[in-house]
Amino acid sequence: METRPFLEMKGISKQFPGVKALNKVDLAVYPGEVHALVGENGAGKSTIIKIIMGVYQRDEGTISLNGEEIHVTNVIEADKLGLAAVYQDLTLAPDLSIGENFFMGQFPRKKNGMIDWNHVYEKTADTLKALNVDVNPRLRITELSPAMQEMVAIAKTVHKKSKLVIFDEPTALLSNEEVDILFGIIKKLKASGVSVVYISHRLEEIFTICDNVTVLKDGQHVKTLPVKDTNESQLISFMVGRSLSDMYNIEHYPKGDELLRVEDLNRGKILKDISFNVRRGEIFGLFGLVGSGRTEVVRAIYGADAIDSGTVYLNGQKEIIKHPSQAIALGIGLLPEDRKHQGLALSQTINHNINLASYKAISKFNFVLGKKERERSTESVKRLRVKTPSIHQLVGNLSGGNQQKVIIAKWLCCESKLFIFDEPTVGIDVGAKQEIYKLIEELTREGHAVILISSYLPEVMGLADRIGVLHEGSMSHIVEREQFSEETLLRYASGL
Amino acid sequence: MKLFSKKNKLRLAEGNLLVIVIILMVILSFATKNFFTVNNLRNLVRQTSVNGIIALGMTFVIISGGIDLSVGSIVGVASIVIAKLLVGGMPIFPAIIIALVVCGALGAVNGFIIQYGKVPPFIATLGMMQAARGIVMLLSNARMIAGLPKAFTGFAQLVFAGFPSLFFVWFLVIIVTFILTTKTIFGRNIFAYGSNIEAARLSGINTAAVTLSVYTLSGILSGLAGILMTSRLGNGIPTAGQGYEMDAIASAVVGGASLSGGSGTIIGTVLGALLISLIQNGGNLLGINAFILQIIVGVLIVASVWYDQIRKTTKS
Amino acid sequence: MKLFSKKNKLRLAEGNLLVIVIILMVILSFATKNFFTVNNLRNLVRQTSVNGIIALGMTFVIISGGIDLSVGSIVGVASIVIAKLLVGGMPIFPAIIIALVVCGALGAVNGFIIQYGKVPPFIATLGMMQAARGIVMLLSNARMIAGLPKAFTGFAQLVFAGFPSLFFVWFLVIIVTFILTTKTIFGRNIFAYGSNIEAARLSGINTAAVTLSVYTLSGILSGLAGILMTSRLGNGIPTAGQGYEMDAIASAVVGGASLSGGSGTIIGTVLGALLISLIQNGGNLLGINAFILQIIVGVLIVASVWYDQIRKTTKS
Amino acid sequence: TTETAGGPKGEKPYEIAVIIKATDSDFWQYLLVGALNYEFEHPDLVNVTTYGPPSESDIDQQVAILENVISTNPDAIVIASTSSDASVPALEQAYDKGIKIITVDNKVNTPKVNSFLATDNTLGGSLGAEKMVEYLKANNISTAGKKIAVVSAMAGVQVLTDRDNGFISRIKQLIPGIELIPTRYVDNDIIKALSTTEDLITTYGSDLIGIFADNNHSADGVSRAVAEQSLSNKIIVTAYDSDPEEVAAIKSGAIKAIMVQDPYGMGYKGVDSAVQAIEGATLPEYVDTGVVIVEKSNVNDPAAQGILDPFTMKKY
Ligand SMILES: Nc1ncnc2c1ncn2[C@@H]1O[C@H](COP(=O)(O)OP(=O)(O)OP(=O)(O)O)[C@@H](O)[C@H]1O
Ligand SMILES: Nc1ncnc2c1ncn2[C@@H]1O[C@H](COP(=O)(O)OP(=O)(O)OP(=O)(O)O)[C@@H](O)[C@H]1O
Ligand SMILES: [Mg+2]
Ligand SMILES: [Mg+2]
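Residue numbers (the numbering used here), protein chains in the order written: chain F, 21 to 516; chain C, 4 to 319; chain V, 4 to 319; chain S, -19 to 296.
Bound conformation, chain F alone (with noise of 0.2 Å):
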């Protein structure tokens, strides 16, 4: 390694109203260096990335690149030095080509000035290739899955051949196998002596790529050391400050009776004769490949989505479930992938979203009693811990942490038995993730059952009691707690 830092930030701070999101900050990564970059949500990481980038101007502070004091005021002239970005928010737009994304701000054009077309999609398709991401470059970005369209901008980034790349939570919508191809593609740049910025919330990543990792904690730097010199609980103390114990280990309760029950469920070509029960008191893992159904099935069972045929009973009750508001009344509560999108009003208070499905208890002749409501929005944010200063606060202003707890106290509020989690942990810290994981251990201890959908093997292994794996739309094999070992499931995943 070399004596000089490549990029070298000293006491950065940032101000935005009402927060401090960094305070005197340092910041040095080498050439050849795979820097780590981890705190709470909220810490002020990727703030951070955005004034190295210049989408924020500092309010102190310097930062030198090789040396030499620089001033980005914009995306453009960062791009000029050679810094790239993968941001933690998709910025892609979706109504575009793959293709053009790739291309957008800085396209090739012809000698009469046009864009030159071919350029863009053969150059795109041979990137895509090059990593291994197997897509045509001409399909728009809703065409493809979350997870594609991160790989995406992942690609969109590295093509660049910049000399410090950033990723900010890539890995938060991978699964396993987009997650070794990015390993590759650091692993790559590494080689090739460009200096890389890896965010994530999960800590064992840290440990396979990473050489350094610094902590930040409210805003403030709290360590930097060399990744061989620690280990994943020592971090977690730098970052909580206090040490968590083991992440997984919660309390597994006697199951009770059969709460549902799905036979030979069909959708098209997504869901294929699908069948398997939950019971009072269990967690039922569903584990896949990205794009192998499970978000489909329960939508299915959740009244989401239309099905061709099948039959969900609960209670032993033959039920047909047709829109969302038959499967609430019924006592099931979904907690979606994608929160923004499908789990939140953002722009609406977290007294009104942790109400949302459950005004029907507290209204009178459908006035809500506002009393009530209140009441209740305080009680769940006080026991779910919501950081926030006040239930009258836009969920869209909360960190994802905090959101993400916003929609389990709505479904806390309509008193379901079934809760559906679909991807819970996705963005979170590992605070709040163990939150997470102890209230999904507190609802079994009461009698609920819980399905999980992960894509992060760790976690289902961890909490399920028995696990579902889908692949290609068929639910091949279901696995005991004891069973569980990561090349099974993996195995069974893939279809093997």
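Simulated from the structure, these hints should not be mistaken for laboratory data.
Not one of these hints is a red herring.
Just so you have them, the derived chain V footprint on chain F, three or more residues with Cβ under 8 Å:
(1) 91 to 103
(2) 128 to 135
Sample of chain F residues lacking proximity to chain C, with all beta carbon distances greater than 10 Å (derived):
(3) Asn61
(4) Gly81
(5) Leu110
(6) Ser195
(7) Lys208
(8) Lys243
(9) Phe258
(10) Gly311
(11) Pro478
(12) Arg486
(13) His491
(14) Phe504
(15) Thr508
In this text, a Cβ means the ideal position worked out from N, Cα and C, and glycines have one as well.
Given chain F's structure and the hints, the job is docking chains C, V and S with the ligands onto it.
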């Protein structure tokens, strides 16, 4: 009371507008000798109430993330239908009910097309704006309908306790819509729907019912405005309401409603409607050239929204 | 040829509309004896070109996720400005340039207010619609301006190679805007901006420049339409263009542009504008009652968008 | 070369197209009654088809309609052209094709017209001024230092401008020291006319002694405001056109005199002239259809009924 800070902030947003309205009123009181007279204030209220009522219906539509361009034509429908019925000898009360039902039905058709045809609200209601006006013209032969009973035309002239009757109707609509938006499940659902329709659906809200009901409500309130206008003018007027959609939308948006849905308040819209009338009334009292006044109206609408944006960003 | 699937799908979307337009033309050819005559087709093209040009400017605005309600008033500005200049003795060419610059500047003001005032496009351009009309009335004293030179008024009557001159201007605008939207960086930036403004910004696109330029372009094209209309009508007309915003928006949306931004095509808008003229033209040839025709226009606008939605959902 | 038309030229019944300025007002509907009555009386002689744009500001739409009508090759066209220049090229083309052209209401700047039937709007306006002065005297209203207002339906419409100018120049002659309040425009909306008049009364109080309203919609609003405040004998209102509300106002005294044209006659005589032209007669270049002044004294005359409401003469 930290828990309530957000609520106060909301009040502040309307407060901005209230400040603008009050400043304008104070200026007018000094600049003209007649602004601050009982008579003129009464006129002001009367002049605002028709647009005021339509704008309240529009507020629901806008909160739901839609837009309703057909309100003006529906005002015309109400005017002709009630006039035809009354002239045909029907008693006042059933005639009013039928006119409101017809207008509500036209609104429901808007909602139906938007919900089931997946036609964008702008286009669905633009089509209705054309079609409903055509129907009005066809029904009335493009002619005014005279000979309405005195009992009906007298209503708009009444003054109770110093306030014109139209004001009471408007006030009643304000109260009802205020309660609907702030106190009922229906109101909560519209906000959720406008903010994120998919999240609303997955939370068990019947989104089709919301779509149908906001447009129906807008139709009914436009109908009510049309009936009041007919009472005031004493005739069924086929051209009634032309161009009113713009005033109604402007009132709601100046009042803080966002065309992307999920926000808007009744009080804001009331103030927005008042502001627009106030500019017109003030301009007339000051004897400003009609064309310059038109320019001022345009500039002030933009300026008030701009000012509100500035306040918003510096506040948060 | 898997690579081209997307492109073909796009063509299909416009194809739907093309099918509708062709069916309507065939019906009219059989139903009337005069539809399929050189003269009538010439009229049709001439009647479409003014709205056609405005709608193309509107298409850029809509692709960017905005809306421009001020186009009609800007048509009026162009008409009065060029008439005043020509009557004042200025040669034709510089007069045209000045009129276009004025209209472009008004469009730029729209863009400025939207970009820097963060005022929603609906409100910013609604204000401009009012203000610009006021300016027109003030400039012209609300009177028609007569006495334009024959060289100017004659232009719109010219026929080259069987096509009316207006058609050539429209055609030129079609070509230029088509190239802009499909082949240039400027055009693609507008799509990116309309689809996801944050993504566009982070990709280094100058979003302020995009905002300013789409509204300026819309202003310039409205100005061009206003100049052509003035040549055709032989007078500077202060009320010129009233209500044109609705036709232009309808043309673009019927042509497949989405009001939420990020999509829209030039060919689609051209077909949309043609469809709207065609209904009007056919209605006149068939001697349909004006009110029934108005109803038909409304219904057909909705129906064509509905049909397109059905095709879209059954296709995918 | 004059093409020979495709239709049954010279064979009965003759195809006659009647194009009005706007479909949205009683006045133009009256014209159609005249034309259609003629058809009813002479079923074997003529076949009348009627056309018109929605509003008088839609000048180019009227030109488009005219062009489309020419495509259908009628034997004659009776047109009330909104603009004196815009329709010239199309009319000349039609004339050259052998279609007979009868213009009514508004003179068109071309000699290629078979006959022109109209009222002199400027003259009508000046009659309004004379009547106002007469009633001011009759009510012992002093004019010294007082003010008179003009409430116009719309800015930028030629005939209205003519009426207003006729009124203004005559009233200045008759009462030399009189102050004219800047003209108010009300978008042809009765309720806006009403509000505007209320504001005028608030502002000028007893200084306001007369109001001239230049069409039926503006007159309806003005008379209602005056009647509501019981100022019928303090503010003298004279106006143009007739509709049921204006007639009622004449009877109640809220309007003192209305200048009524003879749209029925224009329609009836227009078609009749067309028939004569087709049959080869030479027609007078200009026929004055006259203005009738209707006041309380003659409003109940049987002779006035047909003029006030031509629908009473409707035969079909
Ligand atoms: N544009 C903004 N305006 C106001 N506050 C902001 C803005 N962006 C970030 N913040 C606040 O700054 C703090 C740091 O946010 P940042 O996005 O950097 O956190 P993070 O570490 O990336 O968290 P996460 O893990 O959830 O992505 C948070 O409190 C956040 O609410
Ligand atoms: N918006 C969409 N458009 C087209 N196809 C889709 C869409 N969403 C899902 N699919 C397809 O439906 C199938 C099942 O998808 P589903 O989302 O249920 O998978 P999943 O196992 O939940 O994976 P993920 O990790 O993406 O949530 C896949 O073939 C996927 O490609
Ligand atoms: Mg972040
Ligand atoms: Mg999924």
